[in-house]
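Residues per chain, in single letters:
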Amino acid sequence: MMQAYAWGAIVGIALTSTLGDVLLSRAMKQVGDVGQLWDSHGLWTVVGRVLRNPNFLLGVLAMTAAFYTLLLGLSWSDVSLIAPASASLTFVFNAVAAKLFLHERVDHRRWLAALCVAGGVVLLAA
Amino acid sequence: MTFRKYLVLAGVMFCAAIGDSLLSRGMKQVGGVSLDHLPKVILAVLNPSVALGILLLLGFFASYMTALSWADLTFVLPATSLGYVVLTLIAKFYLHETVSTTRWIGILLISAGVGFVTQGPELTHHPAKHAPKEECVAVPAGEKP
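Residue numbers (our numbering), protein chains in the order written: chain A, -6 to 119; chain B, 855 to 999.
It should be emphasised that the hints constitute simulated quantities derived from the structure, not laboratory data.
Among these hints, one or two may not hold up.
Said to hold, decoys possible - FRET-style restraints, in silico, Cβ to Cβ:
(1) G41/A with I908/B: 42 to 50 Å
(2) G974/B with H34/A: 28 to 36 Å
(3) Q883/B with S33/A: 28 to 36 Å
(4) L962/B with G1/A: 20 to 28 Å
(5) K859/B with H34/A: 36 to 44 Å
Claimed, not checked - Facing chain B, according to a computed beta carbon distance under 10 Å, are these residues of chain A, among others:
(6) V4
(7) G5
(8) L8
(9) S18
(10) G28
Since the structure is predicted, the reported quantities are computational estimates derived from the model, not experimental observations.
Idealized CB from N, CA, C, for every residue including glycine.
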């Protein structure tokens, strides 16, 4: 039963993390290169621009949901299963979401990587 | 890729791995949380290991956001995948968890798979191309804008 709970938590973490990742990535692309912005305008400008971005706030909300799902998952199973499995599944979901919502060019190399990661997840669950 | 960018990626990798390990140790100390006692998971942040884990995850978050400002999401995630190997080493030697051969092979496969991605460009989508263009107002000849 605990194993079923653990896998439920893993899928929950992956879905909420993907939503958070996509929103945060969109927010940071809107903010611009943090290194260059820091050098030219200072730290507080960077912090201000990030905190005022609605996508950032929604992304943090999704990440918070992912975090508490992670805590639940860690109380049900080993970290060496929960953390890599959820992160790997997140990677596969992210490849799809990045192509659909962020318009990133996910080429054959990145899809191949996604398949390898999916295979790794299956082995982790074995 | 500059040295500073590699440092940011290393920050993402190590902060996530060590932070997750501390969370794991803390949650083992807190004990199993049943769905009937969900508030217990919120109070878990008072555990020192969980609190330190959260601090490291904040470091992870700052590094991660910085990396996302100059690289694709599908580049940043795999580029930091060596964190899984670090995490497994910590789980094995520090948390004394049992890590089977199959799990080791799975983690190696994940690392190998994501290694493909790091050979490609860090940014494939240029937001500037999709950003809304500034409105241009035609100014008749002879008039000042």
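How the hints compare with the structure:
Taken as a hint, the range 42 to 50 Å is violated for the pair G41/A and I908/B, whose Cβ atoms sit roughly 24 Å apart. Between G974/B and H34/A the C-beta distance comes to about 31 Å, which sits within the given range of 28 to 36 Å. Distance hint check for Q883/B and S33/A: the Cβ-Cβ separation is about 46 Å, which falls outside the suggested range of 28 to 36 Å. At roughly 27 Å, the beta carbons of L962/B and G1/A sit within the given window of 20 to 28 Å.
A hinted range of 36 to 44 Å for the beta carbons of K859/B and H34/A is inconsistent with their spacing of about 19 Å. Given the 10 Å rule on beta carbons, the hint for V4/A is violated: about 16 Å separates it from the nearest Cβ of chain B. Checking G5/A against chain B: minimum C-beta separation of about 13 Å lies over 10 Å; hint violated. For L8/A, the suggested interface contact is broken, since its CB lies about 15 Å from the closest CB of chain B, more than 10 Å.
Interface restraint check: S18/A against chain B, minimum CB-CB distance 4 Å, threshold 10 Å, status holds. For G28/A, the suggested interface contact is upheld, since its CB lies about 6 Å from the closest CB of chain B, less than 10 Å.
This entry does not satisfy hints 1, 3, 5, 6, 7 and 8, going by the numbered hints stated previously.
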